[in-house]
Every structure is written in structure tokens, then in C-alpha cells.
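Fit chain Y to the supplied structure of chain V, relying on the hints for placement.
The chain contents come next:
There are 2 protein chains.
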Amino acid sequence: MTNNSPKRVSNGVDTKSKKILAAFKSQGARVETKGRAKLKSKKDFSLWYTPGVGVASLHLAKHPEDARKMSVKKNSVAVISDGSAVLGLGNIGPYGALPVMEGKALIFKEMAGVDAWPIVLDTQDPDEIVRTVKAIAPAFGGINLEDIASPKCFAIEKRLIEELDIPVMHDDQHGTAIVVLAGLMNAAKVVKKDMKKLKVVVSGAGAAGAATAKLLIAAGVRDIVLLDRTGTIYAARPGLNESKAELAALTNPRRVAGGLAEAMVGADAFIGLSGKGVLTAEHIKSMAPKSIVFAMANPEPEILPGEALRAGAAVIATGRSDFPNQINNSLVFPGIFRGALDKEVKKITEATKLRTARALAALVARPTAAKIIPDMLDPRVVKAVARAVH
Amino acid sequence: MTNNSPKRVSNGVDTKSKKILAAFKSQGARVETKGRAKLKSKKDFSLWYTPGVGVASLHLAKHPEDARKMSVKKNSVAVISDGSAVLGLGNIGPYGALPVMEGKALIFKEMAGVDAWPIVLDTQDPDEIVRTVKAIAPAFGGINLEDIASPKCFAIEKRLIEELDIPVMHDDQHGTAIVVLAGLMNAAKVVKKDMKKLKVVVSGAGAAGAATAKLLIAAGVRDIVLLDRTGTIYAARPGLNESKAELAALTNPRRVAGGLAEAMVGADAFIGLSGKGVLTAEHIKSMAPKSIVFAMANPEPEILPGEALRAGAAVIATGRSDFPNQINNSLVFPGIFRGALDKEVKKITEATKLRTARALAALVARPTAAKIIPDMLDPRVVKAVARAVH
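These protein sequence lines are chains V and Y, in that order.
Numbering (my numbering) for the first sequence: 25 to 414.
Numbering (my numbering) for the second sequence: 25 to 414.
With the rest of the complex left out, here is chain V:
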């Protein structure tokens, strides 16, 4: 088995981790297939296999558009990763990515009835990724790209959207952006500020950070300072890649230079899409009153919720299931693809993303600091999101 240069793999395995690992080992696979057609008699075989299947084959050869009506394409999504940016764990290769893709396939089915299959790629070359996804696309009704490093993820997604006639979405980008926007809409209500006037710091200019900044701008937010490992992004900064140069032109109207400490002074909201422990109590103390802190790095947030509250944050959220206000793209991707499959939508547009965020936010009738986003187990979520896709 090839393992594309794993990096940043920790050696510390504590007791809790040992228990989790034991659970995964005893579980084996977390998704399986299930027959939807009966195969109990010779007659069943004659219909669903030979000779009957020949009729369906000849029909689809002439009318490929009917694959969406009479095959797995009707309800299937490939969850695809090359393992180049898995959670906040870095480039840990296809096998490192597999548990995440399989977990998403499980969520797809349990929450939205979507037949998703995990596919991890033994290549990290952008052209090869595009070629491979296009080659396997005919039997799928949608493509959920996942955990692919930036900046290559931008070009890969763009080409696939252009070249395929099924919806393609890099969930790290757009799932995250949508759920962050929904959370920020309600957090602004809680602190009684106008969302469009918030000073927002986005820590992390990777896939999620870039897409979030763009969607916030599309929603009317005007003052966003975006940071990567080097510091704040601004137009004159040397050595920006194409994606970051584009972001520099769209963000940082006050031309804030420096690092996170400089950016956080007077900020209304912090959106963490970076890494464990990036944010300190001092950063939060330097923010404007009634500050909003979304610490969404996975599996370890930028700051732990308790510490953020003690430092004075008014509204806090993470990406995790074991803290309140889980800003997690699981609130978005199942419904997005549910809607896209049902309505045979070919592209997930900017307008759809904005509608989806609003629909999600609206599910919390009276937002409070403890509840800015609907619960992942709220059965209204998938329906509301799916309805917003058209």
C-alpha cells in the first residue's frame, strides 16, 4: 500500500484515543451496501440480471440522461479525498483520509438518505485527481470533494465543476463557509450587532478560510482580515499565491499588517479555521466588547470554549460534537446533496450557498449565546437545506 508522505503524525496515544481506536477496530466498516431489488428467484435473476439487464443497458446506451432515473446515479455521491489536508492533521495520505470519508458517507446516509461511497486516491497530483474523478463520474449523481490541500483544491474544484454535469462541491470550502455564515448571522443577533458591520478576523487562509471570507463578503460583511501562517493578508504582501492575491484584493480594507495579535485588536468576531491552540485569552481580551469566537479547528480547536468564555467572549462555538454550538459542515453537506439530487441540480451556485446559510440560521427562532445554530440531530436541518437548493 502506498502512503503519500505522511506528516505531522503524532506518536502520543493516550487512554481515550486507545478506546476510540478499539471501537473502530471492533466496528470494522461503518457503511455497507444493501440490495434494493429482490433476488430470491430465477425470475428475479432474469429481470435484474441476464437477460433482463440487457434491455436496461441498451436503453442507457441510447439515453444516458436516464441513468439518473434508473440506476445508482439517482441517489449516489462519491466522497473523494487525496488525503493531502485531513481535518487539522495535515497531509496524512489516502489511508489517513479514509476514516473521515467513511464517516461522511455514514452521515450522508443516516441524515439525508444519500448513498455516498468513500473513495480515497492514491495520487496527490492535481491533474491526476481531475482525470480520475472525471473518469469515475458517470455512475455518481454528485461529487463531494474533501480534505484536499489548498491552493490546489481551488483549481481542482473549478475544473470539475466546469467539466462535469453533476454537482461538485469541495465541502471543506463551501460546507464550512455556509455553516459559518449561518452561525455568524445568529451570533450577531445575540450580541445585537449588524453582521455587515462586524470586524471579522478569519484565521486560516486555506480551503475553508478562503471560501468563508468570500461567502461572508457575498453576504455583505465588509471588514474581514484574513491570516495565514505568515500573518495578515494584504495586497502589498510579497509572495502571495494566486488564491491569496485574490483574497487580498477582496479583504483587509484597513490594511492591517502583522500577526494575529495585531488583527484581533478591536475585532468583533474571530473565525478559526486554522489549528490547535492558535488563539489565546489575551487575544480575546483585546477584542471589542461582546466578542464572538468560533474556534473550529478539528479535532483540536484554536482555544477551548471554557477558556474563551473566561477571557470574556460573549458567544463561542467549535466544530466539535462534544461542545455547545457545533459549527460543523455536517449541518450542510447532507442537505445540499439531498436537494441537488432530488432536483437534478448541476451546479451549487453562490446564490444557493447564501440561501442555504439563511435557511439554516432561520431554524433557530430566538438565538442565544448557548444556541446560535441548530443541532446536527435536528430533523428539520436536512429538509430546510435541501429546500434552499435549486
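Simulated from the structure, these hints should not be mistaken for laboratory data.
Here the structure is a predicted model, which means the values were calculated and not measured.
Hints may be right or wrong, so weigh each one.
It does not matter which identical chain is meant; a pair holds if it fits inside one copy or across any two.
To be verified - Quick list of in silico lysine to aspartate or glutamate cross-link-like pairs, DMTMM-like style, CA-CA up to 20 Å:
hint, residue 1, residue 2
1, Lys49, Glu368
2, Lys238, Asp149
3, Lys98, Glu56
4, Lys367, Asp346
5, Lys58, Glu134
6, Lys176, Asp38
7, Lys64, Asp346
8, Lys86, Asp38
9, Lys67, Asp399
10, Lys42, Glu89
11, Lys182, Glu266
12, Lys64, Glu270
13, Lys367, Glu89
14, Lys62, Glu134
15, Lys67, Asp346
16, Lys67, Asp247
17, Lys407, Glu134
18, Lys49, Asp366
Chain Y in isolation, oriented as in the chain V frame:
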């Protein structure tokens, strides 16, 4: 949707075909996914998704070999075709292939509990096929190639077997060869002839014909005449491709030249892996007494069973579910992969194929003309085949 140059697509759609098509349209997908892990509480999400999944990801990044124990790889097979040789219908492209791949995925699950997912390729280039299959291989426990045209199928399968560490089998070749050998073993018993001494005519030198000839030889059959569209294959015949030149060296010891009429004179067994209506009553009348006729073209056999019997055949078989003696690779592929997955077998060897054929034949304790092969619904089949894989 791209549709790779469909050919030989008939325009005649009769009443029976209309009914079958309506059944496929009302059915939609024939396989779906199913969650195997519970996802009902926040705790479930914390374990199977974030943050728990990070532990599994880090572990598999370091120990990719454990993917066979704690992911879909444990029980999954990709059923892959480029649609270049679908059933006996020719090159009808990926969408034409999809109903067959999906039907196989259904059979895999219902008969052997294997989680197979249909994948059809939007490329027919051999190098691209190899690259694509290798790229998506990490999350699969096995690769079932299907309905890929010869001669390219031989090189594609060979490279994938060499370059991957999971079992790869082109079912048109080996599934067919194994089930034919099993059937021939029992048919020889019925007509009280020594199988090794049979004069065998194999009509069709494509994927199935070539592999069948080779496996019969491995089982000790010495007199095989193989025919393609041009006629009998023999060493001196001009213009043989690499695969056929290899077959010419292994077969046709009597150097029979000409067409099917010439080859059939005095033959003990006819094995049809060619096309509809190739065999006539006159051909059968020219065979040796107590002749064996396997007319296995799908969906339309080389000759209809009734006509073959009237012409004097002692034992007849087809590939179809709606006639007796169904010599169909559905008897083989589910058990082969069941056994390979359970025992983590990396290659399906020649010895395994011979053992499998013997195991299958042995399930019919007292073969008769009406029963030379076990029924596809016989629950012993998958177990016996799986047991033979090691």
C-alpha cells in the same frame, strides 16, 4: 454526459422489453448504502466523526495495513467497466455498462454479503483505465473488472494484478472459465466420457474464450479448437494478435482450419462464448455422439436449448436464468471475492481457479443432463467457492 461511441444498439423494442424497462425505471437504484454504525446522539458523532475519527485517521496513516480491519476496505469490491464489451451487446459505453455493474453489485451483496459498488469509466484508454483503477484502489478490498473488450482486457488485468496488493479479477475471463470448467467436468460424467480426452470447440476468442481455453488446458483438456470471427485459430494463421498467437500455440493440435462447420465435425463439446445464433442444428448433427452444447452468449445464446436438443445434443446449457443448466459466472464471482476478502488473499491464482471449479462441480453429487451445475440460488455455492480460495 459522454457516451463512448455506442455500437450495435438495436432499435427494436418489443413488448417484453418495454415491461423490463418499465421495471427498471420504477425501481430506480438497485443497490444503496446502509449505515453499520449508530449515529443517533452527540456521543455517536463524537466517536464516529469529529473528534473521534481523527484517532482512526492518525492510526491508518501510520498503519495502512489496518484499513482491512477498520474501514470499508474490509468487505468492499469495486465492480468496474469501461463499457467496451457489455454482455454480448458490444461497445455501448459507460452508461450502457452501468445496469450490468449495478446488477453485479446487487448479486455480490445478496449472495455473498460483499459490499460492491458499481463504477463505470468515462475512458476506454487502457493506460487511463489502469491509472484510474490504481488511483481509487486504496478504499477497496478487491477489484472486479467487467465487460472490458479483448485484447486490451488482458494487459489491463495483468498490470493491475502486478501493481496492486488487493485481488483483481476480470470476471468475463476467469469467472466464466471457472464455471465452464465446472460444467464441463459434470457434463463429461453425464455422457460418460473422459473430460481430458474431449474434443472441445470454443467459439469466441475474446476475454471469456481465451481464459476458458487456458483453464481447460490447465485442467488437462488436450484437444481444443478455438474460433474467432475469422475462423479457427492456428499457429500459422496470418495477422494474429499477441493474445491469439499465444492461444494458437496452446490449442488446435489437429491444426483444424476453416470455420465453425469444419471445427464442429466430430467434436464432443461446443462452448459458445460468442454471439446470438452462431450455432445451427446442422453443426450439432455433425458432432460426435452424446454431444455437449454450452450456448452461453448473453443475452441471446448461440442456439436456443430446444433447438439444440432436437438436433441431438445430449447435454445443453446456457448463461441465462430462464433455461436449465445456467452456466453463469454469478456462480463464481461472489464466492471468489468472499473468500479473498475473508482470507486477505492478494492474488487469485491458477490453482485457486482449478480448486474453485472442482468445488463447484462437486456440489452436484449425481450429475444428469438436466443438472450439471448447481443452482445460483443454492446456498452452498458461495461457501464452497469461498472455501476453495486460499
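Structure-based check of each hint:
For the identical chains of this complex, Lys49 and Glu368 are inter-copy neighbours only, at 16 Å across copies versus 38 Å inside a copy, given an alpha-carbon limit of 20 Å. Neither within a single protomer nor between protomers do Lys238 and Asp149 lie at most 20 Å apart by alpha-carbon distance, with minima of 26 Å and 39 Å respectively. When the C-alpha separation of Lys98 and Glu56 is checked against a cutoff of 20 Å, the pair qualifies both within a copy, at 18 Å, and between copies, at 10 Å. Proximity of Lys367 and Asp346 under a CA criterion of 20 Å is satisfied in neither setting, with 34 Å inside one chain copy and 38 Å between copies.
In this assembly of identical chains, the alpha carbons of Lys58 and Glu134 lie at most 20 Å apart whether taken from the same copy (14 Å) or from different copies (8 Å). With identical chains, the CA atoms of Lys176 and Asp38 are never at most 20 Å apart, being 34 Å at best within one copy and 51 Å at best between copies. With identical chains, the CA atoms of Lys64 and Asp346 are at most 20 Å apart between copies only, with a shortest distance of 14 Å across copies and 45 Å within one. Proximity of Lys86 and Asp38 under a CA criterion of 20 Å is satisfied inter-copy only: 16 Å between copies versus 58 Å inside one chain copy.
Proximity of Lys67 and Asp399 under a CA criterion of 20 Å is satisfied inter-copy only: 13 Å between copies versus 47 Å inside one chain copy. In this homomeric assembly, Lys42 and Glu89 come within 20 Å of each other (Cα to Cα) only across copies, at 18 Å, whereas the closest approach inside a single copy is 48 Å. In this assembly of identical chains, Lys182 and Glu266 lie within 20 Å of each other by CA distance solely inside one copy; the values are 14 Å within and 43 Å between copies. For a Cα distance limit of 20 Å, the shortest separation of Lys64 from Glu270 qualifies neither inside one copy, at 59 Å, nor across copies, at 42 Å.
In this assembly of identical chains, the alpha carbons of Lys367 and Glu89 lie at most 20 Å apart only when taken from the same copy (14 Å versus 40 Å across copies). In this assembly of identical chains, Lys62 and Glu134 lie within 20 Å of each other by CA distance solely across copies; the values are 9 Å between and 23 Å within a copy. Within a single copy, Lys67 and Asp346 get their C-alpha atoms only as close as 51 Å, which misses the 20 Å cut-off; across copies the closest is 7 Å, which meets it. Taking the closest pair of Cα atoms, Lys67 and Asp247 never come within 20 Å of each other, the shortest separation being 66 Å inside a single copy and 37 Å across copies.
Taking the shortest alpha-carbon separations for Lys407 and Glu134, only the intra-copy value of 13 Å comes in at or below 20 Å, while the best inter-copy value is 32 Å. In this homomeric assembly, Lys49 and Asp366 come within 20 Å of each other (Cα to Cα) only across copies, at 16 Å, whereas the closest approach inside a single copy is 35 Å.
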